[in-house]
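2 protein chains.
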Amino acid sequence: MRIIIDAQGGDNAPREIVHGAIQAAEAYGVDITLVGRGDEILEALREIGVDTLPAGVEIFNADDVVDMHDEATDVVHSHRNSSLVQGLKLLADGNGDAFISAGSTGALLTAATLLVRRIRGIRRAAFGPTMPTKTGQCIIIDSGANAECTPEFMLQFGCMGSFCARKILGIENPRVGLLNIGAEDTKGTPLQKESYALLKQASDNGIINFVGNVEARDVPLGAVDVVVCDGFSGNVLLKSIEGTALFMASQLKKMFGGSIGGKIGYLFCKKGVKDFKKLMDYREVGGTMLLGISKPVIKAHGSSDALAIRNAVRQAKQAVESGIVEEIRANISSMKVPKE
Amino acid sequence: MRIIIDAQGGDNAPREIVHGAIQAAEAYGVDITLVGRGDEILEALREIGVDTLPAGVEIFNADDVVDMHDEATDVVHSHRNSSLVQGLKLLADGNGDAFISAGSTGALLTAATLLVRRIRGIRRAAFGPTMPTKTGQCIIIDSGANAECTPEFMLQFGCMGSFCARKILGIENPRVGLLNIGAEDTKGTPLQKESYALLKQASDNGIINFVGNVEARDVPLGAVDVVVCDGFSGNVLLKSIEGTALFMASQLKKMFGGSIGGKIGYLFCKKGVKDFKKLMDYREVGGTMLLGISKPVIKAHGSSDALAIRNAVRQAKQAVESGIVEEIRANISSMKVPKE
Chain A
1 MRIIIDAQGG
11 DNAPREIVHG
21 AIQAAEAYGV
31 DITLVGRGDE
41 ILEALREIGV
51 DTLPAGVEIF
61 NADDVVDMHD
71 EATDVVHSHR
81 NSSLVQGLKL
91 LADGNGDAFI
101 SAGSTGALLT
111 AATLLVRRIR
121 GIRRAAFGPT
131 MPTKTGQCII
141 IDSGANAECT
151 PEFMLQFGCM
161 GSFCARKILG
171 IENPRVGLLN
181 IGAEDTKGTP
191 LQKESYALLK
201 QASDNGIINF
211 VGNVEARDVP
221 LGAVDVVVCD
231 GFSGNVLLKS
241 IEGTALFMAS
251 QLKKMFGGSI
261 GGKIGYLFCK
271 KGVKDFKKLM
281 DYREVGGTML
291 LGISKPVIKA
301 HGSSDALAIR
311 NAVRQAKQAV
321 ESGIVEEIRA
331 NISSMKVPKE
Chain B
1001 MRIIIDAQGG
1011 DNAPREIVHG
1021 AIQAAEAYGV
1031 DITLVGRGDE
1041 ILEALREIGV
1051 DTLPAGVEIF
1061 NADDVVDMHD
1071 EATDVVHSHR
1081 NSSLVQGLKL
1091 LADGNGDAFI
1101 SAGSTGALLT
1111 AATLLVRRIR
1121 GIRRAAFGPT
1131 MPTKTGQCII
1141 IDSGANAECT
1151 PEFMLQFGCM
1161 GSFCARKILG
1171 IENPRVGLLN
1181 IGAEDTKGTP
1191 LQKESYALLK
1201 QASDNGIINF
1211 VGNVEARDVP
1221 LGAVDVVVCD
1231 GFSGNVLLKS
1241 IEGTALFMAS
1251 QLKKMFGGSI
1261 GGKIGYLFCK
1271 KGVKDFKKLM
1281 DYREVGGTML
1291 LGISKPVIKA
1301 HGSSDALAIR
1311 NAVRQAKQAV
1321 ESGIVEEIRA
1331 NISSMKVPKE
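Quick mapping for you: the protein sequence lines, in order, are chains A and B. Heads up: the first sequence is residues 1 to 340, going by the working numbering. Heads up: the second sequence is residues 1001 to 1340, going by the working numbering.
These are computed hints drawn from the structure, not numbers from a lab. Among the hints, a few may not be true.
[Stated by the list, open to error] According to the in silico footprint, chain A covers these stretches of chain B (three or more CB under 8 Å from chain A):
(1) 1214 to 1220
(2) 1240 to 1249
(3) 1260 to 1267
No residue lacks a Cβ here, since even glycine has one placed at the ideal position from N, Cα and C.
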């Protein structure tokens, strides 16, 4: 298996990307193609004492870099020789099994859609990141790729999220919930009401296990395994969980740092604090799969360090092995809304 | 000042409501009208050793009760003699200065709109609860009264929230942000783009201090004092902060309970843990004002106990004294969008 990595994407590129990739090649026994500026990649390799390329690791030279200020919809044309575009072309052409980038989310979404293309029948690709919950973890789909959605998109998000929870997270019969502002099926805007009906129908047909509406409050508490939402609300959900965790971590720090007693207390429950931080650390997850694209594409966090990239590679490997893309393709007929 | 209280609303009615009201009457020097079943209210009073009504405390008999299953849009007609409807009528008729209920949110919203009415020119009443943040607190408006909004509603939410932050929270020049999925003014759906323009115009005219888009992640971190959003996203934001806080509190408990070291640690930082819990405790806030109604109406949490009701009364008193309703009325001409 070969994983293609955008060596120039993200705040800590190329150094941390390259370091993480080399660690992952060894840890997970995968081949790696590093796409980016050859000289910078070689320099990053030398820094960790790698003077000759390890077996299975290749460099594909791409001199241009996409940055956060570039117009996302235009990069395929304006940055033809960028690591992002060239890496996705390698994937599209079959020169690798999955692609990882820590660069611009919008550019990755657009370029992956144009170059690798969606699975036939899928209306929109969506991000389905995994969040820790009180009882395990859950997938939030879509978490920001599509601010405006139709009920059909939502049906497809629910199915793709459910397949992902089963094939990648290993949850046998994932509970799929629709993000809403109340439990009753009359709640929300027309989008939620129509999506509810479609998800229920898919559940009646045995494609997914739809458990109804879920309120945002119950997501971190573990009420469902998959949360279906438009990209706007999904982004609000995901980011507010993240922000609250950061806020509370800072309160925790204050609590421990505030007094001598607190400092002594900290010594006694150091391990607990460490577990707690780990649970909330995006670096442990690695990245987010772009579901609906015809080959696995992973978006790593913009501030990814070597550990995050290493975990993103583990995740890409899982995605390839899980057969998630094939699963979506095989079920596409159940994920369509007949035109009236 | 007289505060009218729905003695039959909420999970712990009438007992906790009555107890909290009596505490508040003494603590804040306000007169109280308890609306509900006279005999049940008297029994609740006897339980705390109150055999004769304290000066300034009155009971207004209303035998019917609105419950969570009643159709919200219909209670004004179907539950004419309920504590909710009768209490709001007392407010509308000038027999009190503010109204508090811990009952059904939807019923309160509809009944307050029909009986007390909106301030002339205000298109929709909105909930603007206060949340703790890393740097203080912020108002989230609308947090669920209106799932679907127009840009004009959003402009009015921004202005009402800003007046509230200034007059009630005492923030001199509140930073008003628009909840969005990115910082750039091109982000979001048409609703966000049009609302952005209206809020910016209001800011240019000196009515509010609009600081642009705010991402959900930065809300708990204290980026703004007022978050403007449609009721759907606002509800997701508010509830996910609440759920994450609950989730993390349970992790914290596990951390302290997990080992003997943790238990000893807990003893050393007990005060910190207590502060932390207090920060996240809705009972400390009391309730949420329904902004845009022509007199102060406060929604207390459904599971309010005596402490929460006591704080809701404090909040109602603040709302009356702040002159927030008059402030909205005085600025209404700047909060309208001319018809094209």
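Given coverage of the region 1260 to 1267 of chain B by chain A, checked by CB-CB distance under 8 Å (3 or more)
Since 6 is at least three, the answer is holds.
Examine the region 1240 to 1249 of chain B: at least three residues should have C-beta closer than 8 Å to a C-beta of chain A.
holds (count 9)
Per-stretch coverage check for the region 1214 to 1220 of chain B, three Cβ contacts closer than 8 Å to chain A:
Coverage by chain A holds for the region 1214 to 1220 of chain B (6 residues, Cβ < 8 Å).
Hint check: no violations occur; every hint is consistent with the structure.
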